[in-house]
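**Student:** Protein chains in written order, with the working numbering: chain E, 329 to 440; chain S, 40 to 155.
Because the hints were derived from the structure by calculation, they are not lab data. Owing to the predicted nature of the structure, the values given are computational and were not obtained by experimental measurement. Certain hints may be false.
Covered stretches of chain S (chain E as the covering partner; in silico rule of three or more C-beta atoms under 8 Å from a C-beta of chain E) [stated by the list, open to error]:
1. 76-82
2. 87-96
3. 142-155
Glycine included, every Cβ here is placed at the ideal spot set by N, Cα and C.
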Amino acid sequence: GESVGLHLPTLSVQEGDNSIINCAYSNSASDYFIWYKQESGKGPQFIIDIRSNMDKRQGQRVTVLLNKTVKHLSLQIAATQPGDSAVYFCAENGGSQGNLIFGKGTKLSVKP
Amino acid sequence: GAGVSQSPRYKVAKRGQDVALRCDPISGHVSLFWYQQALGQGPEFLTYFQNEAQLDKSGLPSDRFFAERPEGSVSTLKIQRTQQEDSAVYLCASSLAAGTSVYEQYFGPGTRLTVT
Chain E
329 GESVGLHLPT LSVQEGDNSI INCAYSNSAS DYFIWYKQES GKGPQFIIDI RSNMDKRQGQ
389 RVTVLLNKTV KHLSLQIAAT QPGDSAVYFC AENGGSQGNL IFGKGTKLSV KP
Chain S
40 GAGVSQSPRY KVAKRGQDVA LRCDPISGHV SLFWYQQALG QGPEFLTYFQ NEAQLDKSGL
100 PSDRFFAERP EGSVSTLKIQ RTQQEDSAVY LCASSLAAGT SVYEQYFGPG TRLTVT
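Next up, chain E with everything else stripped away, as it sits in the complex (with noise of 0.2 Å):
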């Protein structure tokens, strides 16, 4: 079935350091994706969102690049922080309701 999946499943990186999160989603018909965050014992946070018609959103330290010739999708943190240590979710609206259609998720490890 369509699903959306993750190159690496956890991440290690120093304080400071720039992190990159990959995702590889497989719906072409998939017009919205968001970046989640969800730390332990609690439910995703939503981080940020980024629609088919554009390739490229930032936030405040992070910026979402979307590539739909490779259905490729990735978050990067700058100046990662010890506070940005979660397991990282990417999804797509793939279902018929706009339900969201998740990834397993990539563990960020931050080390001081």
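With chain E fixed as given, assemble chain S onto it according to the hints.
**Tutor:** Here is chain S on its own, set in the frame of chain E:
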């Protein structure tokens, strides 16, 4: 403002018991979604409401799962005759989205259900 809230935060049920999980969405949000998240996995869609109408229940794993949103605000997910495989975190999300419009979904903290 207030976000999505869920209760209880933790629920332990003996196999065969019925449970009810509550979701209070963000005020004014038209759309409400329920997801199930197994340990170490991403959330998986269960069901969707637009106001009080349940428009999609294709993700409900069996007829033991039932959801309602009678007044278009608070929603309840009920699981009858719980089984061990029902153990998971149940997440509720709400969104301004209606029809074909797409907006971000805001998630609650989830209810962790453990069936013993």
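**Student:** So, for every hint listed, does it hold in this structure?
**Tutor:** Here is how each hint holds up against the structure:
1. Counting residues of the stretch 76-82 of chain S whose CB lies closer than 8 Å to any CB of chain E gives 4, so the stated coverage by that chain holds, three being the minimum.
2. Counting residues of the stretch 87-96 of chain S whose C-beta lies closer than 8 Å to any C-beta of chain E gives 4; at least three are required, and the coverage claim holds.
3. Using a Cβ-Cβ cut-off of 8 Å, 7 residues of the stretch 142-155 of chain S lie near chain E, which meets the minimum of three, so the contact claim holds.
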